[in-house]
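Colleague: Sequence:
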Amino acid sequence: QVQLVESGGGLVQAGGSLRLSCKASGNSFRFASMGWYRRAAPGKQRELVGAISLGGDTNYADSVKGRFTITRDNAKNMVYLSMAGLKPEDTAVYYCNSNIYGVNHWGKGTLVTVSA
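Sequential numbering from 1 applies to the sequence shown in the numbering used here.
Just so you know, not all the hints are guaranteed correct.
DSS-like cross-link-like pairs, simulated, lysine-lysine; straight-line CA separation at most 27 Å [said to hold, decoys possible]:
no. : residue 1 : residue 2
1   : Lys87     : Lys23
2   : Lys108    : Lys87
3   : Lys44     : Lys87
4   : Lys65     : Lys44
5   : Lys76     : Lys108
6   : Lys23     : Lys76
7   : Lys65     : Lys76
8   : Lys65     : Lys87
9   : Lys23     : Lys65
10  : Lys44     : Lys23
11  : Lys108    : Lys65
12  : Lys108    : Lys44
13  : Lys108    : Lys23
Across the chosen pairs, the derived CB separations fall in these ranges [stated by the list, open to error]:
no. : residue 1 : residue 2 : range
14  : Ser115    : Lys76     : 25 to 33 Å
15  : Gly66     : Tyr101    : 25 to 33 Å
16  : Gly8      : Glu89     : 13 to 21 Å
Just so you know, the hints here were simulated from the structure itself, not pulled from any lab data.
In this text, a Cβ means the ideal position worked out from N, Cα and C, and glycines have one as well.
Using the sequences and the hints, build the whole thing.
Modeller: As structure tokens, this is what we get:
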């Protein structure tokens, strides 16, 4: 069983930066593809922000390309989402995701609020 715990959310002004962290429990982290998703409001669909493969390859949603960066530290079972140039439309609950052999696990999320 994988448990994911996000941290680092908060309130930031437009144009500011934040770094989200996700700590994964268990020994399977190094086999997992990791991703960050967000949900802008209750009832809205959760959308992919970006993902990082086992080998470190990344892909991002068009809306965050050039502003957000995903990294991972396999030795620490950590994945990070560095966000810069934040916009009010980035306001959302951000979720960490792991996918191990097709099985998804989710954290409880961390709220990011970007004020205009």
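Colleague: If a hint holds in the structure, say so; if it doesn't, say that too.
Modeller: Results for each hint:
Of the pairs offered as hints, the one joining Lys87 and Lys23 holds, with about 25 Å between alpha carbons and a cut-off of 27 Å not exceeded. The suggested pairing of Lys108 with Lys87 holds, with an alpha-carbon distance near 23 Å, which does not exceed 27 Å. Proposed proximity of Lys44 and Lys87 is supported: the alpha carbons are some 18 Å apart, at most 27 Å. The suggested pairing of Lys65 with Lys44 holds, with an alpha-carbon distance near 21 Å, which does not exceed 27 Å.
With a CA separation close to 20 Å, the supplied pair Lys76 and Lys108 stays within the 27 Å bound. Restraint check for Lys23 and Lys76: the C-alpha separation of about 8 Å stays at or below 27 Å, so the hint holds. Between Lys65 and Lys76 the alpha-carbon distance is near 26 Å, which keeps this suggested pair within the 27 Å criterion. Note on Lys65 and Lys87: the hinted pairing holds, with a Cα-Cα distance of about 13 Å set against a maximum of 27 Å.
As the CA atoms of Lys23 and Lys65 are separated by approximately 24 Å, the hinted pair is consistent with the 27 Å bound. At most 27 Å may separate the alpha-carbon atoms for a hinted pair to count; Lys44 and Lys23 meet this at roughly 25 Å. As the CA atoms of Lys108 and Lys65 are separated by approximately 24 Å, the hinted pair is consistent with the 27 Å bound. Taken as a hint, the Lys108 and Lys44 pair is honoured in the structure, with Cα atoms around 16 Å apart against an allowance of 27 Å.
Between Lys108 and Lys23 the CA atoms are separated by roughly 12 Å; this keeps the pair inside 27 Å, and the hint holds. Separation of Ser115 from Lys76 is about 32 Å and conforms to the stated range, judged on CB atoms against 25 to 33 Å. Look at Gly66 against Tyr101: about 32 Å separates their beta carbons, and that is inside 25 to 33 Å. A C-beta distance of roughly 19 Å is found between Gly8 and Glu89, which places it inside the suggested range of 13 to 21 Å.
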